[in-house]
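What follows is the residue order along each chain.
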Amino acid sequence: MLTGIAKAYSSRHLALVDVGGTYIPICKEAEIDATKYVDSSSKKMVKVDHASWTGTYAEDKPLPPTVFDSSVEGKRQAVMDAVLDYVGKHFDGARSGAGVFSKGGKITVVISAEKVNLKNFWSGSWVSTWVLEGGNLTGTSKVRAHYFEEGNVQLQTSKTYGPIPISSSDDAGVGKAVGEEISKAEQELHMSLGAMYVNMSEETLKSMRRVMPVTRSKMEWNLAAHKMVKQLHTK
Amino acid sequence: MAALAENDPVATSLNLMRRLPPNKIEQNLSGLLNLAPSSTDELLQRIDQPLELCVPPSPALPYLLCDYNRDGDSYRSPWTNEYSPPLSDGFKPSARLREMEVKANDLFSSYRELYYEGGVSSVYLWDLEGSDTGAFAGCFLIRKCTEGDRYVSAGSTWNSIHVVEASSPSAARGDKASYKLTTTVMVAMDTAGDACGETNLSGSMTRQSTMERQCGPDADAGHLANIGRMIEDMEIEVRSNMHSLYLQKTHQVVGEVRGMG
Numbered sequence: 105m106l107t108g109i110a111k112a113y114s115s116r117h118l119a120l121v122d123v124g125g126t127y128i129p130i131c132k133e134a135e136i137d138a139t140k141y142v143d144s145s146s147k148k149m150v151k152v153d154h155a156s157w158t159g160t161y162a163e164d165k166p167l168p169p170t171v172f173d174s175s176v177e178g179k180r181q182a183v184m185d186a187v188l189d190y191v192g193k194h195f196d197g198a199r200s201g202a203g204v205f206s207k208g209g210k211i212t213v214v215i216s217a218e219k220v221n222l223k224n225f226w227s228g229s230w231v232s233t234w235v236l237e238g239g240n241l242t243g244t245s246k247v248r249a250h251y252f253e254e255g256n257v258q259l260q261t262s263k264t265y266g267p268i269p270i271s272s273s274d275d276a277g278v279g280k281a282v283g284e285e286i287s288k289a290e291q292e293l294h295m296s297l298g299a300m301y302v303n304m305s306e307e308t309l310k311s312m313r314r315v316m317p318v319t320r321s322k323m324e325w326n327l328a329a330h331k332m333v334k335q336l337h338t339k
Numbered sequence: 140m141a142a143l144a145e146n147d148p149v150a151t152s153l154n155l156m157r158r159l160p161p162n163k164i165e166q167n168l169s170g171l172l173n174l175a176p177s178s179t180d181e182l183l184q185r186i187d188q189p190l191e192l193c194v195p196p197s198p199a200l201p202y203l204l205c206d207y208n209r210d211g212d213s214y215r216s217p218w219t220n221e222y223s224p225p226l227s228d229g230f231k232p233s234a235r236l237r238e239m240e241v242k243a244n245d246l247f248s249s250y251r252e253l254y255y256e257g258g259v260s261s262v263y264l265w266d267l268e269g270s271d272t273g274a275f276a277g278c279f280l281i282r283k284c285t286e287g288d289r290y291v292s293a294g295s296t297w298n299s300i301h302v303v304e305a306s307s308p309s310a311a312r313g314d315k316a317s318y319k320l321t322t323t324v325m326v327a328m329d330t331a332g333d334a335c336g337e338t339n340l341s342g343s344m345t346r347q348s349t350m351e352r353q354c355g356p357d358a359d360a361g362h363l364a365n366i367g368r369m370i371e372d373m374e375i376e377v378r379s380n381m382h383s384l385y386l387q388k389t390h391q392v393v394g395e396v397r398g399m400g
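Chains as they are written, first to last, in our numbering: chain A, 105 to 339; chain B, 140 to 400.
Just so you know, these hints were derived from the structure itself, not from any lab.
Label pairs and their in silico Cβ distance ranges:
{"id": "1", "chain 1": "B", "residue 1": "L192", "chain 2": "A", "residue 2": "R314", "range": "16 to 22 Å"}
{"id": "2", "chain 1": "A", "residue 1": "G208", "chain 2": "B", "residue 2": "E376", "range": "55 to 61 Å"}
{"id": "3", "chain 1": "B", "residue 1": "E191", "chain 2": "A", "residue 2": "D196", "range": "44 to 50 Å"}
Just so we're clear, the structure is a prediction, and the values are computed from it rather than from any experiment.
Built from N, CA and C at the ideal position, the CB exists for glycine as well.
Use the sequences and the hints to build the structure in full.
Right under this line is the structure:
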């Protein structure tokens with residue numbers, strides 16, 4: 105039962121499975137059966153232990169021929185290369201992995217990254233799903249950040265992108281364009297979050313509670329003083 | 140706080156609440172109460188929830204709802220000392236304490252106006268049992284709702300929950316009263332606009348402090364002044380930490396996961 109719960113959790117959160125140092129995301133597109141998934145980068149089958157988030161390559165087992173859509177394999181490979189390049193550039197400091205899958209002419213990209221530092225009471229993750237279908241690219245990113253030293257504060261972001269038209273016709277061009285659009289859109293989200301945080305310190309928290317009263321001095325905790333002030337105001 | 144065994148349902152519930160999304164406290168608490176119904180009273184007492192507001196028909200003043208002014212399904216207004224829905228035998232503070240409670244609400248309302256320029260505050264006091272007949276406890280609450288700005292939507296909230304235990308001045312400690320304060324501040328913000336998609340930044344932080352101080356000739360007025368200053372100092376620190384340690388920290392965490400490149 106624990107395995108079932110772990111699998112359901114992983115699929116929903118695109119959790120990463122450690123395959124001897126390489127990470128692959130758990131998602132329905134990668135699933136061959138309940139415990140076998142495809143590593144779309146190496147095109148190998150992985151036997152997964154959901155409860156421990158680890159996996160091993162099943163070298164002796166060939167991939168079923170229908171795992172990928174052969175009619176778009178060139179495009180899928182080009183997108184895979186571009187996505188791995190993007191992930192390498194931006195998620196190098198975290199545990200990260202990506203998968204690019206194809207079915208019925210549709211190409212699906214899954215990016216998953218997470219970093220956990222329990223000793224310092226924080227953890228965070230950034231997972232994205234992008235779909236290229238009929239010449240249009242759409243996507244979603246979910247970002248989570250958690251800090252819990254003597255408290256519990258969480259950022260949760262869910263952002264949808266597109267549709268963004270991808271006009272290239274040759275495989276290499278499609279791969280390059282998809283990589284660029286993904287990179288641009290996610291960078292914009294990251295920068296918008298930054299602007300939000302700046303604004304929060306300047307405007308939002310101040311509108312919740314002033315740092316100091318207008319009088320620039322602390323409160324006089326004396327009922328008589330306040331009664332006098334109230335009476336003055338009501339005159 | 141009594142030590143809790145590791146597989147005690149209250150201990151594990153508190154552990155879970157520390158990790159579950161802070162913007163879903165009511166749902167999570169409800170789920171936990173379903174799983175451990177026999178721990179309901181203790182969990183309701185220990186787990187801070189965002190404060191709910193009761194706005195009675197004008198000219199009655201609004202007040203905040205929490206476990207400390209609740210009796211069954213009714214809540215006591217700190218302004219009228221009456222329960223709503225009405226209760227014939229609802230729990231009320233003693234006469235002496237009610238007098239202090241009225242002054243406390245007045246003072247705390249002035250404090251709220253100084254720092255929050257709006258919002259609602261409520262103070263509820265209760266007598267403590269034991270040999271010290273002057274000992275009492277109370278909760279001092281503030282809820283502020285924002286009007287929103289470019290990035291953060293209206294309806295974002297700040298909740299202050301201060302619980303104080305006070306003992307009478309005692310010759311054994313130089314005629315000083317002693318106070319223990321536990322403060323929880325909960326903040327919830329949703330973004331406006333689309334640049335960040337749907338973003339929620341919520342959280343709480345808890346701090347404790349203790350103090351010993353004399354009360355002067357008017358003990359009750361002295362208590363209120365001492366407690367007021369303790370709460371004010373605590374809120375100044377919490378606000379500063381809430382911004383730098385807690386909110387900004389989550390920004391840093393995002394940067395640890397994804398580099399700007």
